[in-house]
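Going line by line, the protein sequences match chains A and B. Residue numbering for the first sequence follows the working numbering, beginning at 1 and increasing consecutively. Residue numbering for the second sequence follows the working numbering, beginning at 1001 and increasing consecutively.
Note that these hints are calculated values from the structure, not bench results. It cannot be assumed that every hint is accurate.
[To be verified] Not close to chain B: a few residues of chain A, all C-beta gaps over 12 Å, as computed:
id : residue
1  : 3
2  : 5
3  : 7
4  : 11
5  : 57
6  : 60
7  : 78
8  : 92
9  : 99
[What the hints assert, rightly or not] Pairwise CB distance ranges (calculated):
id : chain 1 : residue 1 : chain 2 : residue 2 : range
10 : A       : 114       : B       : 1130      : 44 to 54 Å
11 : A       : 51        : B       : 1123      : 23 to 33 Å
12 : B       : 1136      : A       : 115       : 17 to 27 Å
Where a beta carbon is used, it is the ideal one built from N, C-alpha and C, also for glycine.
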Amino acid sequence: MLDAVTITVTVTALLLAVWCAYAAYRDEPTNDWHFIGMAVVTLAALVQLVVGLVQLGQGDRPDHGTATFVGYLVGAACTVPLAAIMSLTERSRWGSAIVAAGGVVLAVLELRLHEIWGAGNG
Amino acid sequence: MAEESTADGTEDTAMARQQTPPQAPAAAEAAAPAPAAQSGGARIGQGPGRLLLWFYGVFTVAALSRSIVQISTKFSDARLAYLLSLAAGIVYAVITVALWRGGGQARKVALVACSAELLGVIGVGVLTLADSSAFPDQTVWSDFGYGYVFLPVILPVMGLLWLRKAGAELRGAEAA
């Protein structure tokens, strides 16, 4: 279950990154559609946070530390909303670049989350 | 913090708009959320600087939380490495705050911090390649930031280039 959510978050985050990088390339600030995209990615990350906590509650333990795991879960859930706020305060191509960077950062966090959780667990 | 910068730069904003017509549309557009941010010196955190601010913010959180977890759970394993990660986190925090606040003074602080960051990442990079026994565990700056897609070595270079450019614009605005 966690793996499925992690893949979903990673893919949507990378799509968001490409989309916003294209907007930055075209010298456009983020628009309403981008923010809907950010909301979708954030929702996926929030679902992941809940699923991760439920798995912990059921007694599953990550391979590389529970505190680190929870830290990454929370960090992943905060990344895109913070990028969204930053892009609201920077209404230029650079605001789009921030969201693109946020999507890439989130994808990296997902990779680390996967490693921390460990291959042995579902 | 946004309110604080409003107090700092309200007068400058009106002047900046009159003096630098090319900036005016951007200033007007950005005026709604953060009217003060367009005053001369504050610009180090705008445009490309805002992207740098975002990266430095992420790295501050990453380096500080990482070193705090490592120092509190397994400090004796690799004291030097964990203290270096902590130092890196503090340098990132200083740059983040400087970019956020803006102004000539903050630009100088950011210049010094970015230089320290560049020296740190190069120094630690050379050390980790030359004598890996000194670092039994990775730091943010190990192997020139390899573990962080080399961003630790790219960021200070971008930061210094940007601060230099923003400084030239700042002086231009003051001279006008």
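Status of each hint after checking the structure:
1. 3: holds, 23 Å
2. 5: holds, 22 Å
3. 7: holds, 21 Å
4. 11: holds, 19 Å
5. 57: Correct as stated: the minimum Cβ-Cβ distance to chain B is 22 Å, above 12 Å.
6. 60: Nearest chain B Cβ is 20 Å from residue 60 of chain A, so the label holds.
7. 78: violated, 9 Å
8. 92: violated, 6 Å
9. 99: At about 9 Å from chain B, residue 99 of chain A fails to clear the 12 Å cut-off, so the statement is violated.
10. A:114 to B:1130: 44 to 54 Å: violated, 33 Å
11. A:51 to B:1123: 23 to 33 Å: At 42 Å between Cβs, range violated.
12. B:1136 to A:115: 17 to 27 Å: Once the Cβ atoms are compared, 20 Å apart, the range 17 to 27 Å for residue 115 of chain A and residue 1136 of chain B holds.
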